[in-house]
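A.B. asks: Order-wise, the sequence lines are chains A and B. Each residue of the first sequence is one higher than the one before, counting from 1 in the UniProt record's numbering. Each residue of the second sequence is one higher than the one before, counting from 1 in the UniProt record's numbering.
It is possible that some hints are incorrect.
Okay, the calculated beta carbon distance ranges per label pair [unchecked claim]:
| no. | chain 1 | residue 1 | chain 2 | residue 2 | range |
| --- | --- | --- | --- | --- | --- |
| 1 | B | Asn16 | A | Phe204 | 31 to 41 Å |
| 2 | A | Arg99 | B | Gly64 | 30 to 40 Å |
| 3 | A | Lys186 | B | Asn95 | 49 to 59 Å |
| 4 | B | Gln172 | A | Ala183 | 23 to 33 Å |
| 5 | A | Phe30 | B | Asn95 | 45 to 55 Å |
| 6 | A | Arg99 | B | Lys347 | 50 to 60 Å |
| 7 | B | Gln172 | A | Val117 | 56 to 66 Å |
If you're looking for bench data, these hints aren't it; they were derived computationally from the structure. Where is the CB? At the ideal position from N, CA and C, for every residue including glycine.
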Amino acid sequence: MQTKRAIFPNKFLPYALLAPQLAITFVFFFWPAAQAVKQSFYKEDPFGLSSRFVGLANYTKLFQEPDYLNSIGRTAVFAISTTGLALILALIFAVAVDRLIRSRNAYTTLLLWPYAVAPAVAGILWWFMFNPTVGILPYMLDVVGYDWNHRLNQTDAMILIVLAASWKQISYNFIFFLAGLQAIPKSLKEAAAIDGAGPVKSFFTIILPLLSPTSFFLLVVNIVSALFDTFAIIDATTAGGPAQGTNVLVYKVYQDGFIGLNLGSSAAQSVILMAVVILLTVIQFRYIERRVQY
Amino acid sequence: MSSIVLKDVRKVYAGNVEAVKGVSIDIADGEFIVLVGPSGCGKSTLLRMIAGLEEISSGEVSIGDRVVNRVDPANRDIAMVFQNYALYPHMSVYNNLAYGLKNRGMAKAEIDRRVKEAARILEIGDYLDRKPRALSGGQRQRVAMGRAIVREPAAFLFDEPLSNLDAKLRVQMRVEIKKLQKDLGTTSVYVTHDQLEAMTLADRLVVLNGGSIEQIGAPIDVYDKPASTFVASFIGSPAMNLIDAKADASGLAAAKGEGLSGANAYGREAYVVGVRPEHLKVLRGEAAAPADAALTLRMKVKVLEPVGAESYLYGELPNGGASLVVRVESHETFAIGEMVTLHAPAKDVHFFDAQSGRRIEG
Numbered sequence: 001m002q003t004k005r006a007i008f009p010n011k012f013l014p015y016a017l018l019a020p021q022l023a024i025t026f027v028f029f030f031w032p033a034a035q036a037v038k039q040s041f042y043k044e045d046p047f048g049l050s051s052r053f054v055g056l057a058n059y060t061k062l063f064q065e066p067d068y069l070n071s072i073g074r075t076a077v078f079a080i081s082t083t084g085l086a087l088i089l090a091l092i093f094a095v096a097v098d099r100l101i102r103s104r105n106a107y108t109t110l111l112l113w114p115y116a117v118a119p120a121v122a123g124i125l126w127w128f129m130f131n132p133t134v135g136i137l138p139y140m141l142d143v144v145g146y147d148w149n150h151r152l153n154q155t156d157a158m159i160l161i162v163l164a165a166s167w168k169q170i171s172y173n174f175i176f177f178l179a180g181l182q183a184i185p186k187s188l189k190e191a192a193a194i195d196g197a198g199p200v201k202s203f204f205t206i207i208l209p210l211l212s213p214t215s216f217f218l219l220v221v222n223i224v225s226a227l228f229d230t231f232a233i234i235d236a237t238t239a240g241g242p243a244q245g246t247n248v249l250v251y252k253v254y255q256d257g258f259i260g261l262n263l264g265s266s267a268a269q270s271v272i273l274m275a276v277v278i279l280l281t282v283i284q285f286r287y288i289e290r291r292v293q294y
Numbered sequence: 001m002s003s004i005v006l007k008d009v010r011k012v013y014a015g016n017v018e019a020v021k022g023v024s025i026d027i028a029d030g031e032f033i034v035l036v037g038p039s040g041c042g043k044s045t046l047l048r049m050i051a052g053l054e055e056i057s058s059g060e061v062s063i064g065d066r067v068v069n070r071v072d073p074a075n076r077d078i079a080m081v082f083q084n085y086a087l088y089p090h091m092s093v094y095n096n097l098a099y100g101l102k103n104r105g106m107a108k109a110e111i112d113r114r115v116k117e118a119a120r121i122l123e124i125g126d127y128l129d130r131k132p133r134a135l136s137g138g139q140r141q142r143v144a145m146g147r148a149i150v151r152e153p154a155a156f157l158f159d160e161p162l163s164n165l166d167a168k169l170r171v172q173m174r175v176e177i178k179k180l181q182k183d184l185g186t187t188s189v190y191v192t193h194d195q196l197e198a199m200t201l202a203d204r205l206v207v208l209n210g211g212s213i214e215q216i217g218a219p220i221d222v223y224d225k226p227a228s229t230f231v232a233s234f235i236g237s238p239a240m241n242l243i244d245a246k247a248d249a250s251g252l253a254a255a256k257g258e259g260l261s262g263a264n265a266y267g268r269e270a271y272v273v274g275v276r277p278e279h280l281k282v283l284r285g286e287a288a289a290p291a292d293a294a295l296t297l298r299m300k301v302k303v304l305e306p307v308g309a310e311s312y313l314y315g316e317l318p319n320g321g322a323s324l325v326v327r328v329e330s331h332e333t334f335a336i337g338e339m340v341t342l343h344a345p346a347k348d349v350h351f352f353d354a355q356s357g358r359r360i361e362g
């Protein structure tokens with residue numbers, strides 16, 4: 001990518017300008033990350049009074065632990081469902097709004113609002129709506145004969161966190177898809193219409209392929225956010241339960257470390273997550289920055 | 001191949017904005033029609049109504065004896081070349097050409113034959129595997145044309161197809177489009193704002209202004225006998241000199257300034273007198289205009305603009321009169337402020353109604 005290079009006459013000015021950001025990154029990312037890496041090689045007592053070097057024991061133990069393997073599976077189900085649901089619904093909304101002329105701005109604004117809601121608040125919102133005792137949705141599901149109880153039923157609990165997590169993500173995806181759709185020249189759609197492609201055919205053969213850079217970008221961003229940015233939603237709705245049913249990796253880091261006080265294992269888990277993020281970021285830079293070729 | 005007939009076609013947008021105000025044109029089979037006019041004259045809207053991309057508010061469009069007002073663009077048997085080419089960026093050139101045929105369920109072998117044939121005609125055979133972004137502007141233009149010809153449609157519709165090309169390529173493609181259309185004999189409607197493109201390509205010109213037809217005719221007829229001051233100033237470059245004149249029994253005089261004289265050909269009191277820059281002869285010094293001159297003008301020289309093969313001399317009637325332009329020999333030189341005499345014979349002088357701007361004819 002071609003970027004404009006700014007030339008600073010003073011050699012130290014650019015560093016001075018970067019310093020605050022670098023300081024924040026260092027204090028809140030590199031330092032804790034280094035701590036986590038270090039801690040993952042130690043076994044530490046709950047009060048932090050003594051610690052013992054154990055090498056890779058924390059890691060090897062993790063992959064023998066049924067709870068952790070279960071959590072990987074739950075995370076996969078959660079991330080794939082959330083990403084899939086958020087992408088497909090957002091695309092449908094974007095296509096619908098793109099067809100409008102006068103009411104487009106109103107719908108766009110309304111569809112963006114959920115993104116402004118804090119994750120914990122969104123979690124509480126869904127917790128109330130799905131509350132088996134007082135919630136409106138279990139009441140309605142009861143009418144059609146379904147006994148909703150996410151406190152007992154792991155599937156119900158998973159559905160709840162998937163809905164809560166994707167709800168917010170839809171707004172984000174929607175605005176990207178809408179921008180992507182509006183960037184497609186109108187004449188392309190008209191050319192396709194003259195070329196005998198109906199609305200469905202032209203969507204799948206023209207519009208969707210042209211949206212592929214947007215779609216791929218959103219896919220990566222959504223997976224990252226489903227993996228790491230959903231702590232608040234899970235904590236506010238299911239808290240990992242019932243019986244580990246929604247204990248996804250990022251929540252398990254918290255549970256094992258701050259509730260179970262198994263600091264070494266928790267550190268090892270967060271190092272693994274960090275590796276996954278780095279991998280996804282690399283994929284994103286490799287393919288997005290060079291653009292998906294079409 | 002077929003004829004296209006427009007019958008009192010109108011386009012009214014929301015808020016009662018009338019973009020096309022009752023246009024009727026009979027386009028014969030195989031004819032090359034150019035719709036020309038300034039931006040906002042409704043020419044593109046008219047073309048898009050023929051294509052089916054724009055709803056027809058009232059009136060009737062028929063393609064080959066079939067009224068198509070309510071027919072989808074896909075089923076009108078037309079192909080369109082867009083200003084920005086509208087090539088599918090994710091498809092190879094081959095697939096760009098084949099897309100419309102595949103959608104119609106044509107057999108693979110026949111698609112292949114047609115694409116290869118079009119590629120041969122347009123000399124794009126070497127690029128069939130490339131994506132549009134790997135092509136130059138001229139090559140893209142050819143692919144866009146190819147997409148139209150593989151369809152073997154009843155009519156080609158061109159929406160300013162050359163305006164994104166540089167000047168040299170534009171002239172080259174203009175010649176090729178004309179040749180291609182003559183070879184294929186396909187009825188064509190071509191929209192442009194460039195009067196030169198319109199003149200060179202058209203079998204017949206349709207000059208549009210403000211949503212209405214000003215004049216329909218062969219390019220040379222439109223040039224020789226413009227129906228209104230609008231057409232007179234739009235067709236031809238530089239534009240025709242148009243001078244407000246008053247008249248009485250003794251002859252013509254400039255409405256503003258002085259230095260105009262001539263015969264009062266139609267016995268009226270006021271005219272707009274028109275004469276093309278290339279039809280005026282220049283006399284220097286105090287030489288008198290010949291006896292057969294129907295119009296004589298005195299001009300104070302302001303600018304000489306050489307364009308190579310010829311030069312254009314700009315000036316005005318003395319004492320704040322109308323601006324004038326005249327074509328002169330390329331190497332002739334003039335002093336700024338020099339007074340010259342211009343004259344033209346009766347056959348080259350046009351008279352227009354002072355109010356309506358319509359042409360007056362005897």
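A.B. asks: All hints, please: hold or fail.
C.D. replies: Going down the list of hints, with the structure as the test:
no.: 1; hint: B:Asn16 with A:Phe204: 31 to 41 Å; result: holds, 39 Å
no.: 2; hint: A:Arg99 with B:Gly64: 30 to 40 Å; result: holds, 32 Å
no.: 3; hint: A:Lys186 with B:Asn95: 49 to 59 Å; result: violated, 21 Å
no.: 4; hint: B:Gln172 with A:Ala183: 23 to 33 Å; result: holds, 32 Å
no.: 5; hint: A:Phe30 with B:Asn95: 45 to 55 Å; result: holds, 49 Å
no.: 6; hint: A:Arg99 with B:Lys347: 50 to 60 Å; result: holds, 59 Å
no.: 7; hint: B:Gln172 with A:Val117: 56 to 66 Å; result: holds, 59 Å
The structure shown violates just one earlier hint, number 3.
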